[in-house]
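Here's the letter readout for the chains.
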Amino acid sequence: MAVVTAVETRPRRNVELVLLIVSLGIAIGAYVLVGIAAEGRVQANWMWVGGGLAVLVLGVHAVLRVVAPYADPVILPITTAINGLGLVVIHRLDLAEETSLATRQLLWTAIGVGAAVAVLVLVRDHRILARYTWTAAVLGFALLLLPLLPFIGRNIRGARIWIGLGPLSFQPGEIAKILLALFFAGYLVTARDSLALVGRRFLGLQLPRARDLGPILVAWALSLGVLVFERDLGTSLLFFGLFVAVLYVATERTSWIVIGMSLFVAGAVLAWRIFSHVQRRVDIWLHPFEPGTFENAFQVVQGLYGMASGGLLGTGLGEGRPDIIPFAESDFIFTAIGEELGLTGIFALLLLYLILVERGLRTAIGARDGFGKLLAAGLSFTIALQCFVVAGGVTRVIPLTGLVMPFLAYGGSSLLSNWIVVAILLRISDAARRPAPAEVTG
Amino acid sequence: MNAPLRRLAVVVALLFASLLLSATYVQFVSAPELNARTDNRRTQFKEFGRDRGPILVDGRPIAQSVEVDDPYTYQRKYTSAQMYSAVTGFYSIVYKPTGMEGATNDLLNGTADQLFYRRLSDLFTGREPQGASVELTIDPKVQKAAWDALGNQKGAVVALDPKTGAILAMVSKPGYDPNALAGHDVAKVTKAWNGLLDDPDRPLDNRAIAGRLYPPGSVFKIVTAAAALEGGYTPDTLVDGPASLDLPQTSASLPNDFAGACGPNNKVSLLDALRISCNTAFGSIGLEIGDDAIRAQAEKFGFGKALDVPLTVTPSTFPADPNPPQTAQSAIGQFDVRVSPLQIAMVSAGVANGGVVMRPQLVKDVLSANGVDVIQRPQPERFSDAVSGQVAADLTRMMVAVVDDGTGKRAQIPGVRVAGKTGTAQQGEGRPPNAWFTAFAPADDPKVAIAVVVEDGGALGDAASGGRVAAPIAKQVIEAVLNR
Numbered sequence: 001m002a003v004v005t006a007v008e009t010r011p012r013r014n015v016e017l018v019l020l021i022v023s024l025g026i027a028i029g030a031y032v033l034v035g036i037a038a039e040g041r042v043q044a045n046w047m048w049v050g051g052g053l054a055v056l057v058l059g060v061h062a063v064l065r066v067v068a069p070y071a072d073p074v075i076l077p078i079t080t081a082i083n084g085l086g087l088v089v090i091h092r093l094d095l096a097e098e099t100s101l102a103t104r105q106l107l108w109t110a111i112g113v114g115a116a117v118a119v120l121v122l123v124r125d126h127r128i129l130a131r132y133t134w135t136a137a138v139l140g141f142a143l144l145l146l147p148l149l150p151f152i153g154r155n156i157r158g159a160r161i162w163i164g165l166g167p168l169s170f171q172p173g174e175i176a177k178i179l180l181a182l183f184f185a186g187y188l189v190t191a192r193d194s195l196a197l198v199g200r201r202f203l204g205l206q207l208p209r210a211r212d213l214g215p216i217l218v219a220w221a222l223s224l225g226v227l228v229f230e231r232d233l234g235t236s237l238l239f240f241g242l243f244v245a246v247l248y249v250a251t252e253r254t255s256w257i258v259i260g261m262s263l264f265v266a267g268a269v270l271a272w273r274i275f276s277h278v279q280r281r282v283d284i285w286l287h288p289f290e291p292g293t294f295e296n297a298f299q300v301v302q303g304l305y306g307m308a309s310g311g312l313l314g315t316g317l318g319e320g321r322p323d324i325i326p327f328a329e330s331d332f333i334f335t336a337i338g339e340e341l342g343l344t345g346i347f348a349l350l351l352l353y354l355i356l357v358e359r360g361l362r363t364a365i366g367a368r369d370g371f372g373k374l375l376a377a378g379l380s381f382t383i384a385l386q387c388f389v390v391a392g393g394v395t396r397v398i399p400l401t402g403l404v405m406p407f408l409a410y411g412g413s414s415l416l417s418n419w420i421v422v423a424i425l426l427r428i429s430d431a432a433r434r435p436a437p438a439e440v441t442g
Numbered sequence: 001m002n003a004p005l006r007r008l009a010v011v012v013a014l015l016f017a018s019l020l021l022s023a024t025y026v027q028f029v030s031a032p033e034l035n036a037r038t039d040n041r042r043t044q045f046k047e048f049g050r051d052r053g054p055i056l057v058d059g060r061p062i063a064q065s066v067e068v069d070d071p072y073t074y075q076r077k078y079t080s081a082q083m084y085s086a087v088t089g090f091y092s093i094v095y096k097p098t099g100m101e102g103a104t105n106d107l108l109n110g111t112a113d114q115l116f117y118r119r120l121s122d123l124f125t126g127r128e129p130q131g132a133s134v135e136l137t138i139d140p141k142v143q144k145a146a147w148d149a150l151g152n153q154k155g156a157v158v159a160l161d162p163k164t165g166a167i168l169a170m171v172s173k174p175g176y177d178p179n180a181l182a183g184h185d186v187a188k189v190t191k192a193w194n195g196l197l198d199d200p201d202r203p204l205d206n207r208a209i210a211g212r213l214y215p216p217g218s219v220f221k222i223v224t225a226a227a228a229l230e231g232g233y234t235p236d237t238l239v240d241g242p243a244s245l246d247l248p249q250t251s252a253s254l255p256n257d258f259a260g261a262c263g264p265n266n267k268v269s270l271l272d273a274l275r276i277s278c279n280t281a282f283g284s285i286g287l288e289i290g291d292d293a294i295r296a297q298a299e300k301f302g303f304g305k306a307l308d309v310p311l312t313v314t315p316s317t318f319p320a321d322p323n324p325p326q327t328a329q330s331a332i333g334q335f336d337v338r339v340s341p342l343q344i345a346m347v348s349a350g351v352a353n354g355g356v357v358m359r360p361q362l363v364k365d366v367l368s369a370n371g372v373d374v375i376q377r378p379q380p381e382r383f384s385d386a387v388s389g390q391v392a393a394d395l396t397r398m399m400v401a402v403v404d405d406g407t408g409k410r411a412q413i414p415g416v417r418v419a420g421k422t423g424t425a426q427q428g429e430g431r432p433p434n435a436w437f438t439a440f441a442p443a444d445d446p447k448v449a450i451a452v453v454v455e456d457g458g459a460l461g462d463a464a465s466g467g468r469v470a471a472p473i474a475k476q477v478i479e480a481v482l483n484r
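Residue numbers (my numbering), protein chains in the order written: chain D, 1 to 442; chain Z, 1 to 484.
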């Protein structure tokens, strides 16, 4: 591991404050505009929602000043902007469908922010998380498989990735993704030498020993299990992609990527040959307009129509018809933005995500410990993968799956887990950007 | 571990680049194609969200768009809906627009080429685009008279101004309520539509121009008489008019509707043959002049020709290659002769207008949304020269005789010379005949030409005849025209 000297020594909390105010201004302004466009008047609750969001994120900002003064100053404002935009679009759909999901989303934002603050306050050094490597493994796999249990597992829209207790439902996979990132980081930081250095060379690739293939085969089997039994290609892809990415970063061996990709493609093709629900997804992906698949593809097709009607500049907030698309507030919030804010809005949104992910990866590069590097890389990559799987699903780059856009889409589990992800990234970035102690160690 | 991290960052950037590309493809490259798809409800909302122009009759809207608070923004509303249903058609979110709503759709919704400059200026002034309004030639008093006169009988009435071709009335019964099909509740609209489709009385048919064509029966004798007169006959030419005409090549014969011959010594003048509607006389004329002469005459009146008024009219037909007995049958409007009421009105109108048939027209003018600029004003247009002026005059004399002292007495109007012809078209065993009447008046300065058909004998059933059932209806409509 290379020795990294800190480039930046200033906390940059004031930069963060300015950016936060810009983010809040965009979100609150958009919220007000939606009311004017859709109902012809400013919604009475704009001050509550806008004020609520402002109090929450400014609270995080204040906490950062105390417990993580050197944290990356861009991550929180971007998160705020995306979360705020999500609230706006959900509010906009509320007005069309006479629901009140935006309030619940704000409540979940509060819970997520609370969890983030708790993580920042309680975890003063991310390295202590490495102690919980195997606990995280057990908990993570348990959560991942929880929806398969009878009674509490719930099948929603074809995917069995939910658990329900009474009126509450939750996607345990969202939390599992953090725990698994933690486990992969903790496990691979210790196992990386044998995985990286031992083995034969073949066709320019450093091939691992058969016994070192164990972990990746286990991960592969588990992700296939998720695909087959929970019927969720998205979670499967997220989980396996996360593992392969962290494995690659840990070992610096391209062969792991080749092996991983081959395994995933083979598994996916196998699943496609065998399972009708996978075939249906693929049919919808490849032929959404054909008569045979048209009924099933309704959501995808309506999403495409929505984006197409938005064109380059969009219809304007509150001026389109995103409510035609089923579940526009969760799975298809991306198309709602495409419709009303246009390709311009989509580009802005994707670039926000890209910057967020790249800031996370920058944090990984800056981190001074292997565990921190792998954890930050893993968590950042999950955000990127989720964006890709969702936005790629609705724009037909890949088959549509059950994931949602981080921070943007309606859903408590996702908001909660992603705010925790942000808190961990902020914590690692604080360590990475903090002026190096007198004695620099690698 | 920093080298793979940097490469991972590049991979992430590539993933996002693919998303930017795919979003660009959807929202820019393939957007026009996606927007043009017929199942795209957004495109529908856009189309239905336009301020569609009204359809006007005498300056008053019979179809207009009213702003409503739903996704479609505008609701199409019809007044005197049933009476005008054959003309307006309907404008539905589920089905294709019909009637004038369909025929003048691009004018009403503002996308017609004629409206290009207006749209351009709308673009720059930021004004909401509005459709043009279409004013019809229909005279509401005449329309109402025809609608009321038909009562609850099935059938159709068409009235024309013979000098211009303007359609003064177009009624088809039973009508329907286009409001039921113009609603925004897809389930309700579908239910109403299916109800209308399943109705054995076929209310969605515009019987006046585009329903199932009718056998014309004796009103067709005007065409046969025209062919004979053009071929050298005069109204006084004596023709064979026995009680029953033996048809060549078969054992069948063609009888008169009334028992007995049409005149002394089985001879009758052409004028009297039309006056009393003598089947055998016209059968023998048909055999004499042949099917080609009758067909040619029929085509001069418009048979077999495509016609848009701008509603599309189903062309009337004369059989292509009848044998002699079939020719005799066809000469009296039976066998395979099939007509629309509008075609029969055009025959009368041609006779009324000195032999010249004017092109029937429903549009009086098309006005821009502000109601001031005339975008389109169809001028009267010659459709065909059906008969010479002399033949037209002869036919007029003969048709006046029908009303004065023949089968059409019930169409007499005190102080007005009415020219007409009855028809009682057999539909085969067990079904009452269709009752026809066609006329024009005043005979010396025609203001209106009309065709009336009442299906299945109307209120009189088997006892019906054109003179008893259809002539009184024609009379009321003519009076409505003359009294306006």
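For the record, the hints were derived by calculation from the structure and aren't laboratory data. Among the hints, erroneous ones may be present.
Listed next, the in silico EDC-like pairs over lysine to aspartate or glutamate satisfying Cα-Cα at most 20 angstroms (straight line) [said to hold, decoys possible]:
| # | chain 1 | residue 1 | chain 2 | residue 2 |
| --- | --- | --- | --- | --- |
| 1 | Z | K77 | Z | D177 |
| 2 | Z | K267 | Z | D405 |
| 3 | Z | K46 | D | E319 |
| 4 | Z | K141 | Z | D405 |
| 5 | Z | K267 | Z | D246 |
| 6 | Z | K46 | D | D323 |
| 7 | Z | K46 | D | E39 |
Does the structure break any of the earlier hints, and which numbers would those be?
-> Hint check: 4 fails alone, others pass.
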